[in-house]
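A.B. asks: Each chain, written out:
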Amino acid sequence: MAANLFIFSFSLQMKQLVKYILYIFIGVTVIDLAYRLVCDYFYQHPKKDSFILENYTFIHCNTPYQCVILGASSAKHSYVSQQIEDSLNISTYNMGWNGRSVLYQYLSLMKAIKNGGLELAILNLSTSQMRDNWVKDRISDLYPYYWHNDTIREIVNEVEDRNMDILMCSSLIQFNSKLDNMLRSEKSVKGYIPIPYSGKPAKVNSTATLNKGKKDFNLIAVKYFQEMAKECEKNKVRFIVCLSPSLDTTETEIAILKDLCDSSNVEMWNMVHVIRDPYLFKDGDHLNEKGAELFTQMFIETFSSNSLMNK
Amino acid sequence: MLFNSFAFLFFFPVVCILYFALPTLRLRNLFLLAASYYFYMNWEPVYALLLLASTGITYIAALGAVKYVNKKRVILIIGIVLNLLILFFFKYFNFAAENLAAMMSWIGVSMKVPEFKVLLPVGISFYIFQALGYMIDVYRGDVKPEKNFFTYALFVSFFPQLVAGPIERSTNLLTQFYQKHKFDAEKAISGINLMLWGFFLKLVVADRCAIYVDSIYNNMGHHNGCSILLASCLFCFQLYGDFAGYSYIAIGCSRVLGFKLMDNFRRPYFFSTSVQEFWKRNHISLTSWFMDYVYYPMVGSSTKLWWWCLAIFITFFISGFWHGAAWTYVWSFSIFGFYLVICTLKDKRQRKFEKKYGLKKKEWWLWLNRVITFFLVMVALVFFRANNIEDAFTAIWQMSANCFQMPFLKGISHLGYASIGLVVLFVAEYVIEYKKVNVTNYNCIRIYSLCSIGLLALILGIGVFNGGQFIYFQF
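First to last, the sequence lines map onto chains S and F.
For reference, each letter of the first sequence is one residue, going 0 to 310 in numbering that gives the first Met the number 0.
For reference, each letter of the second sequence is one residue, going 0 to 474 in numbering that gives the first Met the number 0.
Some hints could be false.
Below, simulated DSS-like cross-link-like pairs (lysine-lysine); rule was C-alpha separation at most 30 Å, straight line [what the hints assert, rightly or not]:
hint	chain 1	residue 1	chain 2	residue 2
1	S	K135	F	K116
2	S	K14	F	K179
3	S	K18	F	K434
4	S	K14	F	K360
5	S	K186	S	K199
6	F	K181	S	K18
7	S	K18	S	K135
8	S	K113	S	K235
9	S	K186	S	K113
10	F	K179	F	K259
11	F	K179	F	K71
12	F	K434	F	K360
13	S	K14	F	K181
14	F	K434	F	K355
15	F	K354	S	K18
16	S	K18	F	K179
For the record, the hints were derived by calculation from the structure and aren't laboratory data.
Excised from the complex, chain S in its bound form:
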């Protein structure tokens, strides 16, 4: 058997296979390195209004803000940062982004705290940001920043349940399907992106609400949600979980989130039903610009009265 293996290993056939594998290895490595140069350039030098700058504020933004808004797309389109800044006289930035999970919010919050001066953190929460499949599916959004700091690395490895160091050496994997990020641009005003008013009523997505009642939360997401509360307490930042208006959110979902906030000693504002007019929504979960302005006004009023009461 040993002789057989010996002959097999050194045969001409084997040489050809090795040559082929070598060609592939060299070729893919060259492409990988070239891709890394392009991606690193775009991700490290984001242009104004570029998708990357808005998307990864938690990495690039070094400006200290007194108030930050965290969350997914409903946060991004519902909180008019300038309006909050003008009314409450505190510098505000909307750090929300489409489809991001609580892990992204945690990293955004940590960056805002690190930048200094943070007084108020508003987390616009929904059950989907905590749900297991969502958290796992969206973890790849953190891949481009895998080597950026230990916390990101730790979170990615924790969610993927394995060490990703080897895989992340390949920029093709690290920046998998991120080409569009480099090309897209999004114009925002202090992080807020308005959805134009269409004049048509939004449709309620009944099927989208089917899974919202299920409490299949990702335990890592729950852990980092609790970490957010602890970090805010430690740094004397007021932390509010707010549920923005939605036509799709169910009572069960609200109860689940209330439960989560209560168990973590976090203040929760249920503003789901403050706006019901379908003309002020783009769809069941997203307010249009008119809706966002009205909601932000309501939010400011609630905050002011709440602050007065606290005083």
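Put chain F on the given structure of chain S with help from the hints.
C.D. replies: Leaving out everything else, chain F in the frame of chain S:
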């Protein structure tokens, strides 16, 4: 074990090295058998018993049919029935019970049906059909029964094609287990290339299209006809990428080990000029299985056109059931059956028409027929993908009534990446179809390397890595 899993990345090279390192054919076959069972048992170890049962039944039945020639018909029937019982129990029992209850309640009788809570054994339809094919071949005298149980067990369980085909014939695969394959770099390189092509089809084409298709088909009521039309077109490529991807990986794996499996796809979606041709190019191993073991025995020596048509329809109707325990599959394949009946009826007239106007060699005529065929296939596959019959009819209605609206473009980046995959797929298939390049025998290491580099870069750069299962596993 999934082909697109990290476990397979380790499993396959280890199997290859040990396989070629083993000195005797007997040891090699035993090792491949053990590897195949290990591969299968990664899903649910206990289901290996089903695989073993089906293997045992057909092995004994084939031997018995030769030994007791007078009773070979009875033995064949017993073998078929036992295998179909396994299939029925694990795949169709709940479906049959539900439908029976529904039928009873329709006539006013309420009955509580027992529910059989069990996971569908992966690839059960594939290996049972492969085993049945062998048994029928032995009965017909086309092959001699395999006396060595382990060799036969390897034929049924050969891991590259075990869970989703190609459904191999004993005349092709069984004999290859008696050849001591030498390691051949050319075969290995072309095999790896085929595997990469399969991974590309699965991860870049199928899984990317699936994101858009799922978002539309799972919220059917909220999308307009144009979105549904786009999703239905993409579903054709999803299905093709998924299944052809698996087949190419299977054929590639086998080739590295020195085996030659039958071709399962020959560019069916872009280049079929009729539904008949589509089924000659699509899922060839299953189509030929149904033709050889269902259609031709049914037609016999009959020359009656109506009987041919009925036999085609029945064959496709059964094929629908083979695909899954749901009426959507039956509808989908009945529609295909209907198309083929129409094709058979108009065949002579069309040929006459084409001859009269010299259309057969005209490119525009070919492309017109290809577009029509694609559209017909897409309509039939709406039923295949829809969650239920009502959804399928809603989709057809929406596509015909409201297709001139703006499609749903929320996941536009996914559509963009899917387009890259589809363009590469079209160019590759065009080159093979028109330039007659036989990629499988292309003896040039540099070209192979370039193809592999390109494919690997695309897979790593824009592939979807969420560990999605292959659609045909459920069959």
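A.B. asks: Please flag the earlier hints that this structure goes against, numbers listed from lowest up.
C.D. replies: As far as the earlier hints go, 4, 7, 11, 15 are violated by this structure, in ascending order.
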